[in-house]
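Sequences are here, hints too, so could you generate the full structure?
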Amino acid sequence: MRDERASFDVLDRALRLAGADEADAVFASTDHNISRFANSSVHQNMSELSAWLKLRVVVNGAVGTAATTSFDDDELARTAELAREAAKHSGALPGFRGLYRDGEPLPNVVTFDAGAAAIAPAGKARDLRTMFDRGREHGVLFAGSYATGASSIACANTHGVRRYATLTACDATVIALRGDASGYATAIDRGPLDVLALGDEATLKATLCEGRNETLPPGAYDVILEPPCTAEVLEWMNMITFSGQSFEDGSSFFVDNVGKQLLGANFTVADDAVDPNFLPFPFDLEGMPKRRVALIENGVVRTPVVDKVYADRLGLPPTANGWSLGGGEHGTVFHGSVAGGEATREELIRSTKLGIWVTRFNYVNGLLEPKTALMTGTTRDGTFLVRDGEVVARLPNLRWTQSMVEAFSAIDGLTRDRRRVGAWYNAFGGTIAPVLKVGGWRFSS
Amino acid sequence: MRAFFDTLLASLRAPNLRYADIRRTVTSEQHVRVRNGEVDTLASTVDRAAGVRVLVGNGWGFAATSDVSEESIRAAARRALEVAAASHIATTQTVVLSDVDAYTAAWASKFDVDPWSIPLDRKIDHLLAATEPMRSDPRIHQVSGDLSAYRQEKTFASTAGSFIAQTTTEVGAGIEALAIDDGEFQRRTYPNPFGGDYQAGGWEIIEALDLPGNAPRVRDEALALLAAPKAPAGRFDLVVGSSQLALQVHESCGHPTELDRAMGLEISLAGGSFLQPAMLGNFRYGSELVNIVADATVPGAIGSFAFDDDGVPAQRFHLIENGMFVGYLTGRDTAPFIGRSSNGTVRAESASRIPIIRMTNINLDPGATPLEELIATTKRGIFVDTNKSWSIDDLRLNFQFGCEVAYEIENGRLGRMLKNPLYTGTTPEFWRSCDAVGDAASWRIWGLPNCGKGDPMQTMRVAHGAPVARFRNVEMS
Chain X
1 MRDERASFDV LDRALRLAGA DEADAVFAST DHNISRFANS SVHQNMSELS
51 AWLKLRVVVN GAVGTAATTS FDDDELARTA ELAREAAKHS GALPGFRGLY
101 RDGEPLPNVV TFDAGAAAIA PAGKARDLRT MFDRGREHGV LFAGSYATGA
151 SSIACANTHG VRRYATLTAC DATVIALRGD ASGYATAIDR GPLDVLALGD
201 EATLKATLCE GRNETLPPGA YDVILEPPCT AEVLEWMNMI TFSGQSFEDG
251 SSFFVDNVGK QLLGANFTVA DDAVDPNFLP FPFDLEGMPK RRVALIENGV
301 VRTPVVDKVY ADRLGLPPTA NGWSLGGGEH GTVFHGSVAG GEATREELIR
351 STKLGIWVTR FNYVNGLLEP KTALMTGTTR DGTFLVRDGE VVARLPNLRW
401 TQSMVEAFSA IDGLTRDRRR VGAWYNAFGG TIAPVLKVGG WRFSS
Chain L
1 MRAFFDTLLA SLRAPNLRYA DIRRTVTSEQ HVRVRNGEVD TLASTVDRAA
51 GVRVLVGNGW GFAATSDVSE ESIRAAARRA LEVAAASHIA TTQTVVLSDV
101 DAYTAAWASK FDVDPWSIPL DRKIDHLLAA TEPMRSDPRI HQVSGDLSAY
151 RQEKTFASTA GSFIAQTTTE VGAGIEALAI DDGEFQRRTY PNPFGGDYQA
201 GGWEIIEALD LPGNAPRVRD EALALLAAPK APAGRFDLVV GSSQLALQVH
251 ESCGHPTELD RAMGLEISLA GGSFLQPAML GNFRYGSELV NIVADATVPG
301 AIGSFAFDDD GVPAQRFHLI ENGMFVGYLT GRDTAPFIGR SSNGTVRAES
351 ASRIPIIRMT NINLDPGATP LEELIATTKR GIFVDTNKSW SIDDLRLNFQ
401 FGCEVAYEIE NGRLGRMLKN PLYTGTTPEF WRSCDAVGDA ASWRIWGLPN
451 CGKGDPMQTM RVAHGAPVAR FRNVEMS
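In the order they appear, the protein sequences are chains X and L. Just so you know, the first sequence maps onto residues 1 to 445 in my numbering. Just so you know, the second sequence maps onto residues 1 to 477 in my numbering.
Don't read these hints as lab results, they were simulated from the structure. No experiment lies behind these values; they were computed from the predicted model shown.
The calculated DSBU-like cross-link candidates involving lysine-lysine, where the alpha carbons are at most 30 Å apart (straight line), are:
#1 379(L) with 230(L)
#2 260(X) with 371(X)
#3 371(X) with 419(L)
#4 371(X) with 230(L)
#5 230(L) with 419(L)
#6 260(X) with 230(L)
See the structure below:
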């Protein structure tokens, strides 16, 4: 992690060497530690200090980018030359009105927790050892990972926009295994996590309904979906529905439906990096201030998310979702926030005559039919049969194939409590979601 | 560099230090993407990294840095020892390493024309020439072309006495057409989706793909899919084309034969495996026609190398032999679990990541049936090819695949084009139903540069050779 002065020293030199009409750059530096465990034993343990710079130049309206992990003047000059060479061979971007230049004030959000930054590998190992010992008392073995990190993120451009923030993240996943049964718990926070509580939660799921196993024939059932399920679905919708790229190429079901009531009135999802209870971050990597952007509001399609290039191209208001300085999806949701309802999880279960309570999904794929967001996946680490309002048995892992347009039009209830879920590709945020009860979810095996 | 590495390894001090290695990588990538006649992406990346791995007692420690100065690598070595000490607090398993010889070697994959020597203009022109012919119909909403070059220079030294330098140079390219009409959305690609096909080599590989020559067919098939009937649901004899079968091998044989998955070491993220060690040598995975090998020595394939990141030489061995499950992919710290020695499949994305078991080139060997005969002997079936969607459960049993295109087979002849084919099954049931494997003429090796595994996620470059093959009574939905 670099301080503000060191970060801007790299950025300023890169921008000076850019030699272009316009340029912007991102410099990120991360101290990251991750402990992986299986069979209640740490088997991989790593510490990484990394830093990278990405430079984007604009020449005659055309863009080129280059990235490096070395920051002496010679290397920065080479990087700038690569970016200029790329821009020279690209055509002018249609409608592009230039890099961000307004420099509005940033939202005041807390992104750094000194306690999280101070967590050392030995402290994590002691917590894990305690969890392992506690699991053995219940005949449970644990697998999972426990990551902690502190980063500095700085971006700047030739219009004088300069942004800097530090952030911390603690992210843990715990799977409890007893015989053929497993349970799962996950958490992500800017501050330290209670890993022991995650171990207890996973143990509860692994031992619930022990010895009571049933099966269900394929068909449509009411489901009660824990937040990791919704998070995985939203990861795919990020690509096939919310991104500027999918909107522009016509594959998103948002196309021709903006302003229309397409989904249930109780379904709202936003990109919300300013919610203090989520994983706040004040700007995107083009330097724009983050704000809450409603994607679907009470079932009404509002807007895809875009970077500056696609905001100009599509004639959309900027949404501050430029996380890759060109290319990529031209707009990515890194802070997916699903609004909660009024129920508790217990109420959702009690109201279910015959249904399936799902802890998490596995290997979802959202490319089947993007126009209806038809996806497939399986369940894992705790799939339970609900009958007459009671959790009565464990079910095997099940395959489902389901349109999300249909599913999010058939939500029967949402919990007030919401939970944060991390994603491997997202260093800035994640998903926060309630437990959902959805009618008629299609299981095929 | 060898003197520095040797000195650093010799300087490591810890009670019961059993093993250490150092890797340094420089990874260069260039990606060109054109879309609807414009350059959409033109990006270059140079990533430098160094990593030090130590085994102290039974505790592993690994530390990496993107600052590859000698001072920074020394600091990483000190951190690796600290991390290993922390591991010791929460490690209850005994680590046994299989033996490895000491090697001093230098290796580089071959290419005729360095992809970095080709001017950007020529690369862009090549993609534009391949994509522009696909824009001739208003129902083609988007055309795109991708071209990428990859080079990784890796230096490795270990306390086993090895010093190994390896350089791989790879390229990939492909085109795509998206057709939309009346709410129907269809995608057709060549030679594969997600950026095309990838091989070790140079510009000559790109030219041999003949993207421009295939563009009219890709356009026509995307348009034809708009009007094609949906592939039917039910049970059919399924003929799977080479590129789709390559992904089937990847998901349903490559991953479940990774020994770390079978041991539960990857269960939290990627999952486990239905193939357990007790099944080695006595479990019928497929029909007698099914022979699947791991072969890290195939020239021109992106899963090839000379030594893995344990310093073990690249090898060829059977995973499935005459349908029986006979082998796992292993590394030095996992092979002893099944009483074997490492077969050299441990790799890391770069020196900033811990090496883990990865697929190499996992290939379904060709059989004896010519494609024409395979079709001619199918009374009622479906031919599917080119992957569109993929999903498999955490034990690699229950799968569902979607393909870009399908064709009816009626009385031994290919018939109508069908859209949105989806087939599903369980792994052993599927492979046991294989009753014809295409001959060498239908066999091709496909590069997949984006196999994800590990935490932090590591993207590995692997490959799969596959012919066409037939499977009886497969469920389609």
